[in-house]
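**Student:** Heads up: the sequence lines are chains R and F, in that order.
For reference, each letter of the first sequence is one residue, going 1 to 125 in my numbering.
For reference, each letter of the second sequence is one residue, going 1 to 395 in my numbering.
Source of the hints: derived by calculation from the structure; they are not laboratory data.
A few of these clues could be false.
[Stated by the list, open to error] Computed cross-link-like contacts, DSBU-like style, restricted to lysine-lysine with a CA-CA straight-line distance of at most 30 Å:
hint: 1; chain 1: R; residue 1: Lys-34; chain 2: F; residue 2: Lys-215
hint: 2; chain 1: R; residue 1: Lys-34; chain 2: R; residue 2: Lys-88
hint: 3; chain 1: F; residue 1: Lys-111; chain 2: R; residue 2: Lys-34
hint: 4; chain 1: F; residue 1: Lys-359; chain 2: R; residue 2: Lys-124
hint: 5; chain 1: F; residue 1: Lys-389; chain 2: F; residue 2: Lys-359
hint: 6; chain 1: F; residue 1: Lys-389; chain 2: R; residue 2: Lys-34
hint: 7; chain 1: F; residue 1: Lys-169; chain 2: R; residue 2: Lys-34
hint: 8; chain 1: F; residue 1: Lys-389; chain 2: R; residue 2: Lys-122
hint: 9; chain 1: F; residue 1: Lys-89; chain 2: F; residue 2: Lys-206
hint: 10; chain 1: F; residue 1: Lys-206; chain 2: F; residue 2: Lys-169
hint: 11; chain 1: F; residue 1: Lys-232; chain 2: F; residue 2: Lys-258
hint: 12; chain 1: F; residue 1: Lys-389; chain 2: R; residue 2: Lys-44
hint: 13; chain 1: F; residue 1: Lys-389; chain 2: F; residue 2: Lys-369
hint: 14; chain 1: R; residue 1: Lys-34; chain 2: F; residue 2: Lys-369
hint: 15; chain 1: R; residue 1: Lys-34; chain 2: F; residue 2: Lys-313
[Unchecked claim] Stretches of chain R that chain F covers, calculated by requiring three or more beta carbons in the stretch to come under 8 Å of a beta carbon on chain F:
hint: 16; segment: 11–17
hint: 17; segment: 31–43
hint: 18; segment: 51–58
Positions of the beta carbon are idealized from the N, C-alpha and C atoms, including for glycine.
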Amino acid sequence: MALYSETVMDHFRHPRNVGVIEDADAVGEVGNAKCGDIMKMYMKITDGIIEDVKFETFGCGSAIASSSMATELIKGKPLEEVRKLTNKAVAEALDGLPAYKMHCSVLAQEAIEAALNDYEQKQKQ
Amino acid sequence: MIYADNAATTKMSETAINAMISAMKDTYGNPSSLYVTGQKAKEAIEEAREKIASLIGARASEIIFTGGGSEADNQAIVSTARLGAKSGKKHIISTAFEHHAVLHTLEKLRKEGFEITLLDVHENGLITAEEVEKAIRPDTCLVTIMYANNEIGTIQPISEIGAVCRSHKVPFHTDAVQAVGHVPIDVEKQNIDMLSSSAHKYHGPKGVGFLYVKKGVRITSLIEGGAQENGKRAGTENVPGIVSMAAALEEAVRDLEKNRDHLIPIRDRIIEGLDAIPHSALNGDREKRLPGNINFCFEGIEGESLLLLLDDKGIEASSGSACTSGSLDPSHVLLAIGRVHDVAHGSLRLSIGEDITEKDADYIVDSVKEVVGYLRSFSPVWRDLVSGKTEFILK
Chain R
1 MALYSETVMD HFRHPRNVGV IEDADAVGEV GNAKCGDIMK MYMKITDGII EDVKFETFGC
61 GSAIASSSMA TELIKGKPLE EVRKLTNKAV AEALDGLPAY KMHCSVLAQE AIEAALNDYE
121 QKQKQ
Chain F
1 MIYADNAATT KMSETAINAM ISAMKDTYGN PSSLYVTGQK AKEAIEEARE KIASLIGARA
61 SEIIFTGGGS EADNQAIVST ARLGAKSGKK HIISTAFEHH AVLHTLEKLR KEGFEITLLD
121 VHENGLITAE EVEKAIRPDT CLVTIMYANN EIGTIQPISE IGAVCRSHKV PFHTDAVQAV
181 GHVPIDVEKQ NIDMLSSSAH KYHGPKGVGF LYVKKGVRIT SLIEGGAQEN GKRAGTENVP
241 GIVSMAAALE EAVRDLEKNR DHLIPIRDRI IEGLDAIPHS ALNGDREKRL PGNINFCFEG
301 IEGESLLLLL DDKGIEASSG SACTSGSLDP SHVLLAIGRV HDVAHGSLRL SIGEDITEKD
361 ADYIVDSVKE VVGYLRSFSP VWRDLVSGKT EFILK
């Protein structure tokens with residue numbers, strides 16, 4: 001049995017939305033190199049909708065795949081819907097993750113939350 | 001496909017397979033039985049014992065067959081510790097980068113009241129006999145230091161360490177699982193009291209190994225239930241495994257020089273190639289390492305994704321990254337030689353086999369360069385390093 005599902009491997013081998021948005025409206029970074037995972041999300045938000053999203057990830061196969069899938073799940077979605085995204089939804093969309101890799105999907109959820117918090121802070125200013 | 005994980009296990013040789021099949025067909029008897037079929041099996045394992053002993057400079061009576069390297073390590077350590085405790089000696093010396101078969105056994109003993117000194121292995125993955133000598137106390141009952149490290153391949157000055165232990169009359173055990181069949185070993189000349197070996201690391205079968213115990217060094221059994229192995233290891237002997245192990249070791253020792261002469265230039269070619277990758281570093285001493293071991297850290301990337309992409313390119317290797325072990329910490333070996341967590345996560349171990357070619361070596365180097373470059377292209381850690389936001393650790 002393979003370590004990862006075919007969907008995980010597909011998103012790992014061909015990650016969607018990789019890169020940087022230079023004039024991003026929101027940036028969120030979570031994790032630390034000491035633990036071996038860092039995710040950074042960049043968002044372009046217009047009229048309460050995620051117009052564009054890109055990510056950079058330092059991490060294992062499931063961390064990269066989770067980032068990729070998470071960006072796919074939130075792209076073009078309204079913020080209130082994005083806020084409700086759970087790590088389980090990311091893992092399910094990937095056709096499951098091994099139990100000890102579930103934290104990768106948690107990290108993806110947290111990266112999105114961090115970016116949205118950054119956006120709110122910037123809106124207040 | 002290039003199999004470059006020979007430190008994990010090796011492909012069985014034709015010689016070992018044939019020996020195993022013959023043993024299964026012809027010597028199926030129980031060596032403890034007195035009739036012909038049983039005695040044929042007994043003869044087969046005694047012949048294997050003679051052969052193995054002669055290949056490491058030992059006597060046949062000094063070889064105990066076990067169910068592998070971990071069992072041999074456990075038996076040597078636990079047995080010696082228990083005997084030491086009887087005379088009030090409860091101090092053991094080892095190193096911080098031993099295999100877990102040794103470290104976990106020592107940890108168990110520590111909880112039982114033994115005092116364990118783990119020597120620092122320095123940045124190059126080596127210790128000195130002087131450091132061992134300094135750590136020896138009147139209550140030291142055992143020194144256990146691995147011959148060659150399973151991750152970074154560094155080879156310790158075993159003869160010198162053995163000499164020091166002998167002069168202080170402290171039993172010396174070495175976990176030689178990665179060394180046997182790959183480097184010349186003579187237990188007598190190298191002052192080794194106990195040595196663990198596992199057949200599947202030199203093209204023999206899995207689940208069988210041996211423990212060498214010098215005549216006069218006391219050892220007890222871990223497994224009760226019969227008089228096999230002179231009362232030192234109960235259980236019906238793994239006849240096909242033992243016969244096959246002897247055949248595999250005979251071949252490995254016969255071809256040892258030839259294999260070294262082939263492997264070392266290719267190993268060095270890969271090391272030089274990977275060294276050209278910016279912000280990378282070889283782990284372990286450049287010279288005092290196993291002929292087939294290459295271990296690097298690449299800054300800004302994580303090892304598991306490196307392995308998966310190399311697998312896609314037909315290269316099978318391993319890493320000391322936390323993600324490949326299922327724990328949160330990267331390899332204890334890399335931490336022991338002073339690599340920080342961030343860097344240790346980005347490690348790659350290539351343990352090449354005798355069938356490797358120069359062309360394979362160049363393909364490995366090109367593939368690793370490409371994959372490391374690709375992973376760095378979207379690594380936030382690498383971005384911060386390149387932009388100067390954080391400082392490079394590897395120059």
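**Student:** Does R/Lys-88 lie within 30 Å of R/Lys-34 when you go C-alpha to C-alpha?
**Tutor:** holds (25 Å)
**Student:** For the pair supplied as a hint, F/Lys-389 and R/Lys-122, confirm whether the alpha-carbon distance does not exceed 30 Å.
**Tutor:** holds (22 Å)
**Student:** Check whether the Cα positions of F/Lys-389 and F/Lys-359 lie no farther apart than 30 Å.
**Tutor:** violated (39 Å)
**Student:** What's the verdict on F/Lys-389 and R/Lys-44, does the C-alpha distance respect the 30 Å limit or exceed it?
**Tutor:** Since the Cα atoms of F/Lys-389 and R/Lys-44 sit roughly 24 Å apart, the hinted pair holds (cutoff 30 Å).
**Student:** Does R/Lys-34 lie within 30 Å of F/Lys-169 when you go C-alpha to C-alpha?
**Tutor:** violated (43 Å)
**Student:** Measure nothing beyond the straight line between the CA atoms of R/Lys-34 and F/Lys-313; if it is 30 Å or shorter, mark the hint as holding.
**Tutor:** holds (28 Å)
**Student:** Need the status of pair F/Lys-389, R/Lys-34: alpha-carbon distance at most 30 Å?
**Tutor:** With Cα atoms ~17 Å apart, F/Lys-389 and R/Lys-34 stay inside 30 Å; holds.
**Student:** Below or equal to 30 Å on CA atoms is what counts here, so check F/Lys-89 against F/Lys-206.
**Tutor:** violated (35 Å)
**Student:** Does F/Lys-111 pair with R/Lys-34 here, judged by a C-alpha cut-off of 30 Å?
**Tutor:** Between F/Lys-111 and R/Lys-34 the Cα gap is close to 29 Å, so the pair holds against 30 Å.
**Student:** Is F/Lys-389 close enough to F/Lys-369, meaning Cα to Cα at most 30 Å?
**Tutor:** Roughly 24 Å between the alpha carbons, so the hint for F/Lys-389 and F/Lys-369 holds.
**Student:** Quick check: the segment 51–58 of chain R, covered by chain F? Criterion 3+ residues, Cβ under 8 Å.
**Tutor:** n = 4 at 8 Å, threshold three: holds.
**Student:** Are R/Lys-34 and F/Lys-369 close enough, with their CA atoms no more than 30 Å apart?
**Tutor:** holds (23 Å)
This entry does not satisfy hints 1, 4, 5, 7, 9, 10, 11, going by the numbered hints stated previously.
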